[in-house]
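Asker: Listed below are the residues making up each chain.
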Amino acid sequence: MTQAIDFHAILPELILSGTIVLVLLVDAFVERRSWVAMPLGLLGVVAALVAALSLVGADRATFDGAFRVDDFAVLFTVFSLAVAVLVLAISLRYFRDVGRYQSEYYFLLLTSFLGCVMMPSARDLLVLFIALELVSAPGFLMAALRKSSLRSNEAGLKFFLIGVLSTAVMLYGMSLMYGVTGTTNLQEIGVALGRDLPAGKETLALAAILFITVGFGFKVSAVPFQFWAPDTYEGSPVPVAAFLATASKAAGFTGLLQLMFVAFAAEYAFWTPIFAVLSILTMTIGNFVALQQSQAVRLLAYSSIAQAGYMLLPFALVTADVGLNRDVFAAATNYLLIYAVMTLGAFAVVTAVARESRTLAISDFAGLARRAPLMAVAMTVFMVSLAGIPPMGGFWAKFLVFRAAIDRGGIGVLLAVAMVLNSVVSIWYYLAIPRAMIFQEPERERPFAAPALVTGVTFLAMVAVLAIGVYPELVTHFPPLSTLVGR
Amino acid sequence: MSTWERSAITIATLLPLVGAGVIALVPRDRDRLVRGLGIVFTGAAMVVALALAAGFDYGAGGGLQFELNTRWIPAIGARYHVGIDGISLPLWVLTFVLSFLCAVYTWRYVPSPGKTKAFLALTLLLETGMAGTFIAFDLVLFFIFWELVLVPMYFLIGIWGSANREYAAIKFFLYTLFGSVFMLLGFLAMYFRSTPHTFDILQLQAYGAGGGFTRTFQLIVFGAVALGFAVKVPMWPFHTWLPDAHTEAPTIGSVLLAGIMLKMGTYGFVRIALPILPEGAKAYAPWIGGLAAIAIVYAALACLAQKDLKRLIAFSSVGHMGFVMLGIATLTDVGINAAIFGMVAHGIITGMLFFCVGSVYDRYHTRMIAELGGGLMQKLPYLGGVFTFVAIASLGLPGLAGFWGEVMALLSAYRPAEVLADQLPLFRAFMVAGGIGTILTAGYFLWMIQRVNMGTVPERWRESPFPDVVAVEWVSWVPLLVSIVALGVFPRLLIGITDGPVGALMGLFGG
Numbered sequence: 001m002t003q004a005i006d007f008h009a010i011l012p013e014l015i016l017s018g019t020i021v022l023v024l025l026v027d028a029f030v031e032r033r034s035w036v037a038m039p040l041g042l043l044g045v046v047a048a049l050v051a052a053l054s055l056v057g058a059d060r061a062t063f064d065g066a067f068r069v070d071d072f073a074v075l076f077t078v079f080s081l082a083v084a085v086l087v088l089a090i091s092l093r094y095f096r097d098v099g100r101y102q103s104e105y106y107f108l109l110l111t112s113f114l115g116c117v118m119m120p121s122a123r124d125l126l127v128l129f130i131a132l133e134l135v136s137a138p139g140f141l142m143a144a145l146r147k148s149s150l151r152s153n154e155a156g157l158k159f160f161l162i163g164v165l166s167t168a169v170m171l172y173g174m175s176l177m178y179g180v181t182g183t184t185n186l187q188e189i190g191v192a193l194g195r196d197l198p199a200g201k202e203t204l205a206l207a208a209i210l211f212i213t214v215g216f217g218f219k220v221s222a223v224p225f226q227f228w229a230p231d232t233y234e235g236s237p238v239p240v241a242a243f244l245a246t247a248s249k250a251a252g253f254t255g256l257l258q259l260m261f262v263a264f265a266a267e268y269a270f271w272t273p274i275f276a277v278l279s280i281l282t283m284t285i286g287n288f289v290a291l292q293q294s295q296a297v298r299l300l301a302y303s304s305i306a307q308a309g310y311m312l313l314p315f316a317l318v319t320a321d322v323g324l325n326r327d328v329f330a331a332a333t334n335y336l337l338i339y340a341v342m343t344l345g346a347f348a349v350v351t352a353v354a355r356e357s358r359t360l361a362i363s364d365f366a367g368l369a370r371r372a373p374l375m376a377v378a379m380t381v382f383m384v385s386l387a388g389i390p391p392m393g394g395f396w397a398k399f400l401v402f403r404a405a406i407d408r409g410g411i412g413v414l415l416a417v418a419m420v421l422n423s424v425v426s427i428w429y430y431l432a433i434p435r436a437m438i439f440q441e442p443e444r445e446r447p448f449a450a451p452a453l454v455t456g457v458t459f460l461a462m463v464a465v466l467a468i469g470v471y472p473e474l475v476t477h478f479p480p481l482s483t484l485v486g487r
Numbered sequence: 001m002s003t004w005e006r007s008a009i010t011i012a013t014l015l016p017l018v019g020a021g022v023i024a025l026v027p028r029d030r031d032r033l034v035r036g037l038g039i040v041f042t043g044a045a046m047v048v049a050l051a052l053a054a055g056f057d058y059g060a061g062g063g064l065q066f067e068l069n070t071r072w073i074p075a076i077g078a079r080y081h082v083g084i085d086g087i088s089l090p091l092w093v094l095t096f097v098l099s100f101l102c103a104v105y106t107w108r109y110v111p112s113p114g115k116t117k118a119f120l121a122l123t124l125l126l127e128t129g130m131a132g133t134f135i136a137f138d139l140v141l142f143f144i145f146w147e148l149v150l151v152p153m154y155f156l157i158g159i160w161g162s163a164n165r166e167y168a169a170i171k172f173f174l175y176t177l178f179g180s181v182f183m184l185l186g187f188l189a190m191y192f193r194s195t196p197h198t199f200d201i202l203q204l205q206a207y208g209a210g211g212g213f214t215r216t217f218q219l220i221v222f223g224a225v226a227l228g229f230a231v232k233v234p235m236w237p238f239h240t241w242l243p244d245a246h247t248e249a250p251t252i253g254s255v256l257l258a259g260i261m262l263k264m265g266t267y268g269f270v271r272i273a274l275p276i277l278p279e280g281a282k283a284y285a286p287w288i289g290g291l292a293a294i295a296i297v298y299a300a301l302a303c304l305a306q307k308d309l310k311r312l313i314a315f316s317s318v319g320h321m322g323f324v325m326l327g328i329a330t331l332t333d334v335g336i337n338a339a340i341f342g343m344v345a346h347g348i349i350t351g352m353l354f355f356c357v358g359s360v361y362d363r364y365h366t367r368m369i370a371e372l373g374g375g376l377m378q379k380l381p382y383l384g385g386v387f388t389f390v391a392i393a394s395l396g397l398p399g400l401a402g403f404w405g406e407v408m409a410l411l412s413a414y415r416p417a418e419v420l421a422d423q424l425p426l427f428r429a430f431m432v433a434g435g436i437g438t439i440l441t442a443g444y445f446l447w448m449i450q451r452v453n454m455g456t457v458p459e460r461w462r463e464s465p466f467p468d469v470v471a472v473e474w475v476s477w478v479p480l481l482v483s484i485v486a487l488g489v490f491p492r493l494l495i496g497i498t499d500g501p502v503g504a505l506m507g508l509f510g511g
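Protein chains in written order, with the working numbering: chain A, 1 to 487; chain B, 1 to 511.
FYI, nobody ran anything at the bench for these hints, they're computed from the structure. It cannot be assumed that every hint is accurate.
Derived coverage of chain A by chain B (criterion: at least 3 residues anywhere in the stretch with Cβ under 8 angstroms from a Cβ of chain B; other residues may be distant) [claimed, not checked]: (1) 385-394; (2) 399-406; (3) 414-423; (4) 427-436.
Sample of chain A residues lacking proximity to chain B, with all beta carbon distances greater than 10 angstroms (derived) [stated by the list, open to error]: (5) ASP6; (6) PHE7; (7) LEU22; (8) LEU165; (9) TYR172; (10) ASP196; (11) ILE274; (12) THR319.
Model, not experiment: these values are computed from the prediction. Glycine included, each C-beta is placed from N, C-alpha and C at the ideal position.
Please build the complete structure, drawing on both the sequences and the hints.
Answerer: Put into structure tokens, the structure is as follows:
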């Protein structure tokens with residue numbers, strides 16, 4: 001079957017691809033001032049953002065339904081591009097200070113973001129795979145971008161090895177799934193699994209689901225596939241860590257949402273217990289290891305593992321009840337959005353501090369409240385928000401998950417209790433950086449110089465976290481966010 | 001309903017928040033201006049609150065006044081529902097009065113290490129959180145205000161506290177958070193079990209009173225919700241954060257903590273736990289009463305062993321809150337009235353005691369009873385006199401405010417609600433324990449007065465030129481001292497307000 005390609009539907013991706021090529025050319029022709037790659041990239045991302053916004057309310061499919069633009073896709077496309085704007089903004093000064101490989105970095109970063117932008121529209125195992133690899137592969141290089149640093153090399157290598165391994169497992173799972181159902185289209189897989197499969201094939205399908213989950217488990221750094229995250233975050237340039245913790249993780253989750261709610265929904269009885277275990281392990285191990293961290297980026301890395309645990313929890317709540325599944329789905333997506341805002345803000349502050357402290361020990365934050373009150377207040381807001389204390393945005397993220405869990409009853413209540421206990425534990429380490437910033441005196445009195453763009457991102461994120469905290473409708477009103485459920 | 005009636009509560013509650021924002025924008029070196037703004041904003045909020053109290057219809061009995069119920073977060077089912085009745089009013093007004101007096105006190109005393117701007121901004125933020133808790137009639141809104149106090153208090157203790165401040169601050173945070181997350185789960189459970197699903201406290205009360213919730217459900221959810229309230233009160237054995245927090249907190253932190261924040265817990269019992277989950281309340285009442293009785297005796301014994309003046313008063317709070325909880329546990333009109341009276345009286349008296357200790361510390365730079373060595377009345381006659389007076393009020397001397405809450409609580413324990421008829425001997429035993437507690441309380445306060453206020457001035461302080469009570473202190477104390485006497489002589493001032501709504505609420509228990 002041949003059909004015309006719907007160019008409007010893929011316009012954001014097209015613009016972004018064009019930008020990527022331009023950015024690559026910059027290095028070849030204007031080597032001296034390769035930082036111009038950043039404004040150029042920014043322009044492209046903003047153009048893509050406009051294109052994505054023009055698709056609001058659309059419901060289009062192209063490439064035989066492998067690529068679909070619906071409310072869910074548009075929401076996360078816009079989200080990824082917005083994150084791209086912010087990550088670009090905090091990158092400029094960081095990489096100008098470093099001085100080398102600037103345009104390469106922007107090329108790689110934008111390529112990764114292309115993957116993030118494709119992911120929510122990918123409704124086919126193959127497209128999903130391409131999107132995921134597009135996110136990951138440049139990530140391996142970016143993590144190792146500080147070539148002279150041993151840690152950065154380690155970061156890249158670890159990320160690469162574990163990434164490739166889990167990709168292989170996932171690809172194997174996808175091929176099995178194709179073997180069982182005879183299709184790679186998510187919707188059709190859903191239909192095929194909904195019918196009664198012959199006895200032998202049922203087991204095969206379940207194995208395939210398990211393998212695919214592993215691949216995405218790596219991407220979202222769920223325990224036991226989390227080992228790479230702390231080392232990689234720590235070794236990578238800070239803006240890259242910010243990207244990995246937000247856009248890259250969000251891409252993993254959007255893919256997972258599509259798979260579980262569209263393709264594998266019929267087999268929920270098989271995979272919900274897996275997610276329950278994954279969720280509890282991830283949040284608990286993430287939190288308890290975070291308690292012992294003395295380095296800011298590692299702390300944020302473990303925090304992001306723990307948060308992944310909270311985001312995996314809704315998956316464990318899925319039942320046959322479509323109404324409940326909608327709430328569950330909305331809880332997961334809202335969590336993702338709010339999590340990204342506060343985590344990006346926190347990384348922006350860390351980027352600013354990285355200019356004067358290479359090691360980024362928590363003690364390097366000492367006295368920041370005196371030297372840079374705005375940064376300190378903002379960081380406190382992000383940390384308290386990550387811990388889920390009202391009136392910050394992070395509270396609503398958790399609240400929606402609790403809400404869905406209590407509504408689910410049974411196992412949901414147990415999961416909710418595990419999650420609240422984890423939240424209480426987490427406050428200890430989330431307050432570690434504010435403690436250093438506010439309770440301790442600065443080691444040196446010289447004024448703190450944060451780049452204007454980084455300050456801007458920090459401020460923006462802080463305002464967003466507070467605004468969502470006071471008026472959560474800002475995010476919860478997105479058209480029930482659940483266009484994927486119950487189709 | 002006029003605009004004023006719809007918005008008065010919101011204006012008063014949010015004014016401090018606005019003040020915090022304004023103060024945050026003032027340059028750091030304009031110290032006087034910052035302090036002035038603190039007084040202006042708390043003062044303005046207090047004026048609005050008092051104006052509202054003046055317009056309050058005291059004859060109306062139950063039912064909300066100055067109510068506002070409007071859209072907030074439809075996706076979740078939470079509404080911005082605020083209002084005030086005779087139970088909320090005294091505590092809500094007390095919040096503004098105490099906060100204002102604290103701001104006045106701060107005009108002169110900013111605890112080390114200074115940073116007046118942050119200090120006042122956080123205090124104002126705290127005020128909004130506390131005041132909001134007493135007017136919220138939506139569980140989600142209630143929870144937001146409830147948790148809003150955590151962060152400011154954490155920093156008030158952690159930055160301006162004494163030696164062991166960081167430990168005390170995080171302990172306070174962890175304890176209260178631990179309790180409140182279970183409370184949140186309980187709220188969600190109530191939401192999903194009610195038909196139609198609602199977070200509205202009044203609708204849930206009606207639903208609960210109509211027997212909407214099953215007994216098993218009530219037992220579980222009452223436990224979860226009560227845990228959150230009990231940590232905040234704090235009930236024995238969840239009290240251990242309190243002595244640390246109080247001892248380390250700066251003076252006005254202690255005043256607000258004891259004066260208002262603890263009442264959020266007991267208020268929660270009266271407003272939410274009892275009326276919505278009556279079966280649960282009935283089942284838990286003997287346990288709550290028992291823990292309250294233990295708290296009374298335990299706190300009194302602990303007080304006898306304290307060497308630090310501030311820690312002594314902190315433990316005395318545990319005991320006084322024990323009386324409040326005993327009153328609540330009886331599920332009677334008299335008991336709940338006693339509890340509310342006790343809350344207000346304890347807020348005024350213990351707030352005042354912490355002011356006194358703060359001023360003593362300001363002069364002597366020690367809070368150790370042995371180092372103070374007595375003779376306060378000789379050295380500083382006014383401060384010594386005020387301190388003695390307040391201590392005596394706190395031990396429950398008839399004619400002063402502390403008396404009524406305790407005696408009514410004990411009386412109510414003699415005859416608990418009809419639904420608790422089979423527990424009668426138990427409650428009588430609690431009454432006896434409480435009675436012993438009052439004797440011990442008198443004992444440790446008198447002993448404290450003897451060791452600190454009486455006697456002669458020790459050698460080491462004889463030459464120290466300490467100022468006696470200064471103008472700022474008089475301004476911030478006199479209103480409290482007057483109220484101690486006024487409430488002691490005319491308890492109707494308060495019971496007259498609370499009796500109507502309490503009666504409406506407690507009809508459930510046939511008491």
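Asker: Among the hints numbered above, which are violated by the structure, and what are their numbers in rising order?
Answerer: When the structure is compared with the hints, none of them turns out to be violated.
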